[in-house]
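For the protein sequence lines, the chains are E and Z, in the order given.
FYI, our numbering numbers position 37 of the first sequence as 37, with every residue one higher than the one before it.
All you need for our numbering is the position in the second sequence, starting with 1, plus 1000.
Quick caveat, the hints were computed from the structure, so don't treat them as lab data.
A hint or two may mislead.
Under 10 Å between C-beta atoms, here's a sample of chain Z residues computed to sit facing chain E [said to hold, decoys possible]:
#: 1; residue: Ser1007
#: 2; residue: Ser1078
#: 3; residue: Asn1081
With a straight-line cut-off of 20 Å between C-alpha atoms, the simulated EDC-like cross-links for lysine to aspartate or glutamate are [as the list claims (entries may be wrong)]:
#: 4; chain 1: Z; residue 1: Lys1048; chain 2: Z; residue 2: Glu1097
#: 5; chain 1: Z; residue 1: Lys1079; chain 2: Z; residue 2: Glu1061
#: 6; chain 1: Z; residue 1: Lys1146; chain 2: Z; residue 2: Glu1125
#: 7; chain 1: Z; residue 1: Lys1048; chain 2: Z; residue 2: Asp1014
#: 8; chain 1: Z; residue 1: Lys1146; chain 2: E; residue 2: Asp281
#: 9; chain 1: Z; residue 1: Lys1079; chain 2: E; residue 2: Glu257
#: 10; chain 1: Z; residue 1: Lys1079; chain 2: Z; residue 2: Glu1125
#: 11; chain 1: Z; residue 1: Lys1079; chain 2: E; residue 2: Glu213
#: 12; chain 1: Z; residue 1: Lys1048; chain 2: Z; residue 2: Asp1025
#: 13; chain 1: E; residue 1: Lys101; chain 2: E; residue 2: Asp113
#: 14; chain 1: Z; residue 1: Lys1079; chain 2: E; residue 2: Glu173
#: 15; chain 1: Z; residue 1: Lys1160; chain 2: Z; residue 2: Glu1123
#: 16; chain 1: Z; residue 1: Lys1048; chain 2: Z; residue 2: Asp1163
#: 17; chain 1: Z; residue 1: Lys1158; chain 2: Z; residue 2: Asp1181
#: 18; chain 1: Z; residue 1: Lys1079; chain 2: E; residue 2: Asp182
Quick list of simulated restraints, FRET-style, between CB atoms [as the list claims (entries may be wrong)]:
#: 19; chain 1: E; residue 1: Ala18; chain 2: Z; residue 2: Glu1112; range: 56 to 64 Å
#: 20; chain 1: Z; residue 1: Pro1147; chain 2: E; residue 2: Ala264; range: 26 to 34 Å
#: 21; chain 1: Z; residue 1: Pro1147; chain 2: E; residue 2: Gly254; range: 19 to 27 Å
#: 22; chain 1: Z; residue 1: Ile1143; chain 2: E; residue 2: Glu297; range: 25 to 33 Å
#: 23; chain 1: E; residue 1: Arg136; chain 2: Z; residue 2: Thr1149; range: 41 to 49 Å
#: 24; chain 1: Z; residue 1: Asp1181; chain 2: E; residue 2: Ser126; range: 38 to 46 Å
#: 25; chain 1: E; residue 1: Gly165; chain 2: Z; residue 2: Glu1112; range: 42 to 50 Å
#: 26; chain 1: E; residue 1: Ser294; chain 2: Z; residue 2: Thr1149; range: 28 to 36 Å
#: 27; chain 1: Z; residue 1: Gly1096; chain 2: E; residue 2: Met133; range: 32 to 40 Å
#: 28; chain 1: Z; residue 1: Ile1143; chain 2: E; residue 2: Ala51; range: 58 to 66 Å
#: 29; chain 1: E; residue 1: Ala164; chain 2: Z; residue 2: Asp1181; range: 50 to 58 Å
Keep in mind it's a predicted model, so treat the numbers as computed, not measured.
Every residue gets a Cβ at the ideal spot worked out from N, C-alpha and C, and that includes glycine.
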Amino acid sequence: MNGKVPPHPPAAVLAVLAVWNVCLFAILGRHGRLSRWMVAIDVSLAIVLLALAAESGQDEWAYQAVLSAAALAGGALSLMPAALVVSALGAAFIAETLVRKDGHVSPVVLAGDLSLVLLFAAVVGSAAYTMRMYSRHADRAASAPPALVRDLHDTALATLSAIAGGRVDHRSEQVRRRAAQDVAHIRRLILSESAGGETPLDARLRDVVAMAELLGLRVHRQGSLDSSDLPPAAMAALADATREALNNVAAHAGTAECWLTLMADRGRVSIRVVDRGRGFDPSSRPPGFGLRRSLLERMTACGGAVRLTSALGSGTCVDLTWPKLLTWPSWMTTACSSRVWARGRAAWRTCGCRARSRRSTPSSMA
Amino acid sequence: MADLRLSGAFPTVDAFFDGVTSRPDVVLLDLMLRDGSEPDINVRRLVKERYQVLIVSAWAEPGIAAAGFAAGARACLSKDNDLAVLAATIRQVAAGETVYTPELASALLGDERILRPHLSAREREILLAYASGMTLEAAARHIGVKPGTAKTYLDRVKAKYDDVGRPAYTKLQLAQRLREDWNRML
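With the sequences and hints as input, model every part of the structure.
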């Protein structure tokens, strides 16, 4: 029976394949990375070929298409999506083989074929991961020194040259305060340098803190976060909410000192603003009553959570948390398709966090 | 600040022992001294003579500050604090209290030395609250315990660090410490 069938798929399918491969190379050459749509198309083509092979009984082309689609998925997607795609391909291949051979399949041969599919995905995937890590490190190393120079130029150097030039009196309160800010800034630089450079979130928060310091607030800032996995919306929400929390300290706490702490704990990003001011009674409406609502709105909109604890006379603590990835290490999502997944997870977690904050609010406020 | 008086300033701990005339209640110790001496050994020498030590440093590596704490320092402050904060801390240290300044708490949390004590989750939680600037009441409320309980956690942290910092000056003491630890393990 095999002798009668042509050894290749119909010409139309071959033409589509050829066009697709040309497109693939063209897009790849232009953008330098694979998107999940390209993987989707490649995978569907492979599945079409499998369907044809099940009818024709010739699966050489289909198997090769499965291998290349698996490799593409391994290279372009992060671990979980890639695993899903590869298992889908594997399942389709098994189905095709069963149909084609009427169920008379040697498990050993089938396992051998499947493991080759897996191997392709794994080899290309790990190579892509290594390249991504390498380029990320290279980016960091290349960008660090100019940022540092600019930082010092705008801060400590400006203050020092003003004093050296005799333009200001170094004993004046204004200069003293500025010097104190510079000291704090350089300390943060040392910290963030040792932690691998300033991240985008750090930079945003630096601006927020600078604004708060203009209001006369003394902000002790500690910690640094790797924000490379934060979606822009979450980063913006965290920075805005931090600004509001600091504004609230300046306006209502009755103290000029507060602490801003950045933490990452088990995949959760958390920013904490603490003051030792007059606090408020959580059972009554807090001063600056918009605070709780506006923080809550901002943070829940991006899939995060807020916790506000306070008592009369013993300060206020605002905890802003954004659930990053609880289950997967960060590198798994830095691939091209990470954003959609992050959004999905954030949305999923929003429900969980809302429920959790509902549960925790009464106890923490009591 | 009428109750505070500077009784002398010295570049090194040796110079302090040579030159100190009236016994001060609190010694403010920088981690980086001119003679390049080891910070924790400096703390230990002062504590051995029953001085209350307050570490004041421009920037303390967590491990170094934690080693100073293990050696018996009462608190740790960074130099950018206000005079009022410094004065308040000096008063507490003079009264023999251990002051968990945010600097000290975050140093203990960031302590990655091999010889660090193992802190329980609760102890780390309370340190984290302190590290983020909370007072005892606020920290206790934040982790959902009574202030007295929070105080107990802190005392436990102190005890663990004291334990790690127990000096072993001689071979005999070292042997004794080993035996104590061994017996505790059994």
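Item to check | Ascending list of hint numbers which this structure does not respect | outcome: Failing hints, ascending: 1, 10 and 27.
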